[in-house]
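S.K.: Build the full structure now, drawing on both the sequences and the hints.
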Amino acid sequence: MTFIPKPKISHPSLPRNDLGLTRREYEGALSTLCAGCGHDSITAGIIEACWGISIRPENLVKLSGIGCSSKTTAYFVSGGHGFNSVHGRMPSIAMGANAANRELYYIGISGDGDSLSIGLGQFCHAIRRNVNMLYIIENNGVYGLTKGQFSASADIGTKAKKGEVNQQPPIDPVLLAMNLGAGFVARSFSGDKAQLVPLIQAGLKYPGFALIDVLSPCVTFNDHEGSTKSYAFTRENYEPVVEADFVPKQREITTEYPEGEATSVLLHDGSRVVLRKLAADYDPTDAHASYDYVQQHIAQGEYLTGLLHCRPTTATEFHALNRTPDQPLNQLPFSALNPGARQLEKLMARYR
Amino acid sequence: MGTDDRVNDFAIKIATVNGTGSASANTLLMKSIFRSGIPVMGKNYFPSNIQGLPTWYEIRVSKDGYVARSGKVDIMVCMNAETYARDVREVAAGGYLIYDSTWPRPALLKRDDVTVIGVPLARMCNEHFKGVRTRILMKNICYAGVLAALLDLDLERIRELLAETYAKKPALVDSNMQAIQLGYDYAREHFSCPLPLRVARMDKTGDHIMIDGNTAAALGCVYAGATVAAWYPITPSTSLMDAFKSFADKLRIDPQTGKANFAFIQAEDELAAIGMVLGANWNGARSFTATSGPGVSLMGEFLGLGYYAELPAVLFDVQRVGPSTGMPTRTQQCDLLAAAYASHGDTKHVCLYPANPEECFYMAVQAFDLAERLQTPVLVLLDLDIGMNDWMCRDLKWDDSYQPDRGKVLGKEDLEKIDKFYRYLDKDEDGITYRTFPGVHPKGAYFTRGSGHTQLGTYTEDSAEYQLVLDRLLRKFATAKRHMPKPVIEGTGTAKAAIVSIGSCDGAVHEALDVLKGRGVQLDYMRIRAFPFGEEVEKFLADHEVLYVVEQNRDAQLRSLLTLESRVGKSKLRSLLHYSGLPVSSKFIVDGVLADLGEGRRAVAGVVS
Chain L
423 MTFIPKPKIS
433 HPSLPRNDLG
443 LTRREYEGAL
453 STLCAGCGHD
463 SITAGIIEAC
473 WGISIRPENL
483 VKLSGIGCSS
493 KTTAYFVSGG
503 HGFNSVHGRM
513 PSIAMGANAA
523 NRELYYIGIS
533 GDGDSLSIGL
543 GQFCHAIRRN
553 VNMLYIIENN
563 GVYGLTKGQF
573 SASADIGTKA
583 KKGEVNQQPP
593 IDPVLLAMNL
603 GAGFVARSFS
613 GDKAQLVPLI
623 QAGLKYPGFA
633 LIDVLSPCVT
643 FNDHEGSTKS
653 YAFTRENYEP
663 VVEADFVPKQ
673 REITTEYPEG
683 EATSVLLHDG
693 SRVVLRKLAA
703 DYDPTDAHAS
713 YDYVQQHIAQ
723 GEYLTGLLHC
733 RPTTATEFHA
743 LNRTPDQPLN
753 QLPFSALNPG
763 ARQLEKLMAR
773 YR
Chain X
15 MGTDDRVNDF
25 AIKIATVNGT
35 GSASANTLLM
45 KSIFRSGIPV
55 MGKNYFPSNI
65 QGLPTWYEIR
75 VSKDGYVARS
85 GKVDIMVCMN
95 AETYARDVRE
105 VAAGGYLIYD
115 STWPRPALLK
125 RDDVTVIGVP
135 LARMCNEHFK
145 GVRTRILMKN
155 ICYAGVLAAL
165 LDLDLERIRE
175 LLAETYAKKP
185 ALVDSNMQAI
195 QLGYDYAREH
205 FSCPLPLRVA
215 RMDKTGDHIM
225 IDGNTAAALG
235 CVYAGATVAA
245 WYPITPSTSL
255 MDAFKSFADK
265 LRIDPQTGKA
275 NFAFIQAEDE
285 LAAIGMVLGA
295 NWNGARSFTA
305 TSGPGVSLMG
315 EFLGLGYYAE
325 LPAVLFDVQR
335 VGPSTGMPTR
345 TQQCDLLAAA
355 YASHGDTKHV
365 CLYPANPEEC
375 FYMAVQAFDL
385 AERLQTPVLV
395 LLDLDIGMND
405 WMCRDLKWDD
415 SYQPDRGKVL
425 GKEDLEKIDK
435 FYRYLDKDED
445 GITYRTFPGV
455 HPKGAYFTRG
465 SGHTQLGTYT
475 EDSAEYQLVL
485 DRLLRKFATA
495 KRHMPKPVIE
505 GTGTAKAAIV
515 SIGSCDGAVH
525 EALDVLKGRG
535 VQLDYMRIRA
545 FPFGEEVEKF
555 LADHEVLYVV
565 EQNRDAQLRS
575 LLTLESRVGK
585 SKLRSLLHYS
595 GLPVSSKFIV
605 DGVLADLGEG
615 RRAVAGVVS
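Chains L and X are the protein sequences, given in the same order.
Each residue of the first sequence is one higher than the one before, counting from 423 in the working numbering.
Each residue of the second sequence is one higher than the one before, counting from 15 in the working numbering.
Hints in this document: simulated from the structure, not taken from any laboratory.
Calculated cross-link-like contacts (lysine to aspartate or glutamate; reagent style EDC-like; alpha-carbon spacing at most 20 angstroms):
| id | chain 1 | residue 1 | chain 2 | residue 2 |
| --- | --- | --- | --- | --- |
| 1 | L | K768 | X | D409 |
| 2 | L | K768 | X | D413 |
| 3 | X | K426 | L | E525 |
| 4 | X | K457 | L | E525 |
| 5 | X | K553 | X | E579 |
| 6 | X | K264 | L | E767 |
| 7 | X | K457 | L | E449 |
| 8 | L | K768 | X | D221 |
| 9 | X | K273 | L | E525 |
| 10 | X | K434 | L | E449 |
| 11 | L | K428 | X | E475 |
| 12 | L | K768 | X | E178 |
| 13 | X | K490 | X | D444 |
| 14 | L | K671 | L | E525 |
| 15 | L | K768 | X | D414 |
| 16 | X | K273 | L | D748 |
| 17 | L | K768 | X | D263 |
| 18 | L | K768 | X | E174 |
| 19 | X | K586 | X | D569 |
M.R.: Right under this line is the structure:
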């Protein structure tokens, strides 16, 4: 049996969010991934993030494709609506669902195989359409469920468990997303919960397509010496350059930021993302500058983390371009959709 | 056959070059006949090309209202030198051949048994019009004028049609009318007009329209309340989506806010298109796509998910000639099996088979009701002939008391009342379970997956739990039979032999039945309108000793589906297969049945003569 429900007993003293819910109420089924898997840490980050900004569980739509990462939608927010679809095709399900109801929160969980190989096309086009969703890639450089083949994110020179060395260049989802015009592009590490949680919160609130590429080591097939996606390598070579804080609408910005180091991006509901630059020569709100900066550092073998690029894209969000009403399409009354018998009678004249 | 018999009963075929504006001339001719109250059919045999390749248009005038090809050409208009040779061969003996005599071609046009009518179309147009493009376009309008004189068409009606078409460009009405008049006058001056084949006013097109199936289906989607349309362009389905967009742009814009009460998404491929449709339906919006054979192949994996995870979806498959890319602008019914069993594993899908544009409209609405009632993808199988040709059919009507059947959906109040919700639990024992939409109520949450699941909605690899759900899906399919549109059954019910057919064959079958009856062969007829097959289909098959299965593909796909999914014995089913890419003609069916009966089986058919 691979489905293990978790007992739902919570201690009365557990802290509660604005909805009066505890963290336990944002949990899901027990994970069946390998012990120590990076994905489980990301799952924990999602639980913390959703609880922290008090998302109603039933308003969360959890979408995924196929693979280890895609299984995790069952491991958080069991009160949300999960949809584990087919390999590489989660973005199209997300697009359709989002078109039907623009009011919900959409979180897509994918992997490097799911997004960068079989689903590369759908991943790119979801960005182009600026679907309002948070898209998380749990990136470990290998195919886990089929036992350790290289994925398209494997770096040149990285070594497989059995010794094979990858010769093909990787596809970097961060650069790709920036290239395609995404307005919210982040990179993080499953082991850095402090960085990850505010990123997830900001990504969920960002009104457009938000990508977080999370390096998430595969303890079973890609955590050995010679791998560029191991815990050890990541800790050594991943460098935070910009820290993001998510500040909900109701709350004042209380943290003191040194002059010139912080900039904030206002979201449609009045909440804001505060970006703290850790590198002085870097402007994360400029699309071209962000792209160049990240690319140059990759060329030097440095993987920058944090909210690497953030700018408002509300005007090009899917529903804005489509001119859909504020009321979700799935809630429009039939009378607003059906033109009626008299209209049809009039239309017939065209065909005589 | 006496000449009188040919009034309002003949076929014209016009051979032109693609991209020279001949479509306007042909539509003009057809519509002016239609507006004279005479039943007419127009079929376009066009190339997969924008400009330069040969193209044909066939107009059949039929006082009896037959809507299929007769299989015979009485008047051939040869406007394409490249295809002269084959076009000349195709005219029936005693027929007429019209050609552009600016360049005489006596050798090629030699036929002693047809009347050759030469009109210097190019020369006249060069003398009267300026500009290369205008001259080419007017040459085609000019042949319409020639035909107007030869067939005795009403010029006022033609002017009226031109005025409607060019309402915003009145200058074009005059220049087009000038070209018509040129041809008209020349014909009247040089030939004895009208020909024995001619039209005479009737009163048989009142309450009728000329519409193509793609347009009618799109209109059905608007009326059914579809809000999310996702697609990838593919001939011959594209015009269905274009039509939806154009209707929705007029009928679905909120008058107060100017907002669009629909979403129209051009996907990156067919896989994404059906994914979006499933996602939208899962989330409670009526959503559809349109495609053709290659798209159905690509959508296979997702259709399997739709079947197993029980997601409504509506898919219009406007069938074209296969296999592979095949002939994209020619017609066939070659996806019957691919649609019924799309995807790996034990899957089967509800299919609807409209026979004409009128049925496309009503079946489009029905498809959404069935998809939501049964929580499964519904495939509506048109073909290029229905989808892209203008058919004469009765006015489309709407009943304002219609309410969409959303099926078993638990809303906020329903969920409030229950203790716990299980997505795949068969509470009503009809195989159909209850569903919920996200964001409605905390108790409505569940997990949708294409992997093995229990009736409670959880993941499983347990054999018994897995089989429970799979067997329930079979029960649901049995329930579906009761909801399917019933077959159309005609005839006396006493004949031993019958025709069984599907979709666009209907027109040709009807005419063939009349012709056969005239020759002493009385057959019953069943037109299948849906899969899975219900009891009415079973009974008809059981009640007849010989069944001619008429369909438009090579491999007898309808016959195969009948033998797989009904109790009928294989040996009773005799195939009449038409798969040239052109719509089946009545002659093909008549010849096929007579040839078979000629082999000493007349007694079986209960035929005396």
